[in-house]
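Q: Read off the chains here:
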Amino acid sequence: MTVYSLIFYALAVVIVIATALAITRRNPIHAVVYLVVSFLGSGILFFLLGAPFLAAVEIIIYAGAIMVLFLFVVMMFRIETAEPKGYPWRQWGPALLVGVLFLSVLCLVAFRDPVGRATLETAMVSPRDFGRFVFQKYWLSIEVISLLLFLGLLAAIHLGKVQREKAEEED
Amino acid sequence: MIVPYSHVLVLAAVTFVLGLVCVIARRNLVMTLIGIEVMMNGAAIAFIASGLRWHQLEGQAFVLFIIGVAATEVSVGLALIIGAYRRVGSADADTYSILKG
Numbered sequence: 001m002t003v004y005s006l007i008f009y010a011l012a013v014v015i016v017i018a019t020a021l022a023i024t025r026r027n028p029i030h031a032v033v034y035l036v037v038s039f040l041g042s043g044i045l046f047f048l049l050g051a052p053f054l055a056a057v058e059i060i061i062y063a064g065a066i067m068v069l070f071l072f073v074v075m076m077f078r079i080e081t082a083e084p085k086g087y088p089w090r091q092w093g094p095a096l097l098v099g100v101l102f103l104s105v106l107c108l109v110a111f112r113d114p115v116g117r118a119t120l121e122t123a124m125v126s127p128r129d130f131g132r133f134v135f136q137k138y139w140l141s142i143e144v145i146s147l148l149l150f151l152g153l154l155a156a157i158h159l160g161k162v163q164r165e166k167a168e169e170e171d
Numbered sequence: 001m002i003v004p005y006s007h008v009l010v011l012a013a014v015t016f017v018l019g020l021v022c023v024i025a026r027r028n029l030v031m032t033l034i035g036i037e038v039m040m041n042g043a044a045i046a047f048i049a050s051g052l053r054w055h056q057l058e059g060q061a062f063v064l065f066i067i068g069v070a071a072t073e074v075s076v077g078l079a080l081i082i083g084a085y086r087r088v089g090s091a092d093a094d095t096y097s098i099l100k101g
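Protein chains in written order, with my numbering: chain H, 1 to 171; chain V, 1 to 101.
None of these hints come from the bench; they were simulated from the model.
The structure presented is a predicted model; accordingly, all values stated were derived computationally and were not measured.
Backbone N, C-alpha and C fix where the C-beta goes; we use that ideal spot for every residue, glycine too.
Check before you lean on any hint, since a few could be wrong.
To be verified - Per the computed footprint, the stretches of chain H lying under chain V, defined by three or more beta-carbons under 8 Å from a beta-carbon of chain V, are:
no., stretch
1, 20 to 32
2, 53 to 61
3, 65 to 71
4, 115 to 121
5, 131 to 145
If we strip away everything but chain V, and leave its shape as in the complex, we get (with noise of 0.2 Å):
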């Protein structure tokens, strides 16, 4: 015996929300990207969490998928970041506003 099944939920949803804040809230885009990585880390927990729950292998299946897409989105997001601030000179979101009327 473990903990209860919602005790994981709670702990996956506690993260998740943690990165959501960081993602509403920073300005920085390293910190968004970042708190990206911190939600896909809980939603993995959850996987987990169920596939253990019910014995089926997909949940843990679905976590190996996330982890793929995480280590992509974080190159091409990196990259992204890169390209803007050498053309900006600033990595703050406020200071995107070339489209600005």
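In isolation and in its complexed conformation, chain H is listed as follows (with noise of 0.2 Å):
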């Protein structure tokens, strides 16, 4: 039991807690500031796996970026639904028996596999490495994935503008 097997369980548990507790929670602005604390700890995961670059980005993009669009999002459109108060079995009881189900197939595979026996060394791949690996082989993919966010943006402007065109229409 190392100092990073500790840093491991802690954050998988506070992973864990975080996600269950943002998935439950009515009000979806608590559900966001939940997972902010998940993608965080995500995030020092993937700097103890040896990815600091994936890391910066994971917190960035993911713990910065996207959810403040949902903060927006919610915070503008008052988006709320009338979902019952506590957790009926008709609405919960099939997706816990198919997360139960798939959980422990899941667990199965990892834990019976002579594969998963193997214990993780620590490494680290500094961002330049990183980068220089991506843009030597894998540069077409991050053309497509350029391509993919212009897309994006794209669909996510037109889809904006025909609605407000719409409802001015309307007025």
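Since each chain sits alone in its own frame, please combine them into the complex, following the hints.
A: Below you can see the structure in the form of structure tokens.
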């Protein structure tokens, strides 16, 4: 039991508890704030597993940009639904059943496979080496991702614009 | 030495299943999108652990693409939710029943 193992298990507990709290909150704003905690934990976990660049990207993009986007949408449009109080069995029962089945199968695979018994060694990839690797071997995928982001931007603008024109016509 | 590879995989599996339960059980569309984000994060944890397990950089490269796809998906998904909310006046998945005969 080294200090790295302790950090890993503490992070795992934080991530699982924060995520479980996030998905059960009635108020989406509370859920988003808990999710920020969960993603910060994931960022530190990435750092522990030897990916400092991805840790920074996780915190900047996931915990920063994406969650703030959620927060803005929830605040601007007061998206509230009439979800029933408590956790009705009709709604949560099938989900929990599927989840428990799926989790037991995944745990069985993870523990029975001899590959899973290997211990991870600490290693670190510097951002420079990682960038070199990605742009030498996967430059085409980077281009595809940039195209995808551009199309996402176009789609978001288009969806927002069409709806606004329709709303003005109705007024 | 950190931990056995299987423990990291179990953490990724628990995160993924929590997201799955959220997508299935919640009726608020924003919460559904949050569940998808949680699932993608679980997949990213598994990829990074695999990259460390076999000392290959491909695992980390995949996570870069997962984060790019997640960002695009959230922006388009939130725009769609706002559009549906303006049209129907609710973000409850059960109210979208125009096609019901």
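Q: Evaluate each hint against the coordinates.
A: Tested hints:
Only residues whose beta carbon comes within less than 8 Å of a beta carbon in chain V count, and the stretch 20 to 32 of chain H has 6; three or more means the coverage holds. Given a C-beta distance limit of less than 8 Å, the hint that chain V covers the stretch 53 to 61 of chain H holds, as 5 residues qualify and 3 suffice. Under a criterion of three residues with beta carbons nearer than 8 Å to beta carbons of chain V, the stated coverage of the stretch 65 to 71 of chain H is upheld, 4 such residues being counted. With 7 residues having a Cβ less than 8 Å from any Cβ of chain V, the stretch 115 to 121 of chain H passes the three-residue criterion, so the hint holds.
Using a Cβ-Cβ cut-off of 8 Å, 6 residues of the stretch 131 to 145 of chain H lie near chain V, which meets the minimum of three, so the contact claim holds.
This entry satisfies every hint, going by the numbered hints stated previously.
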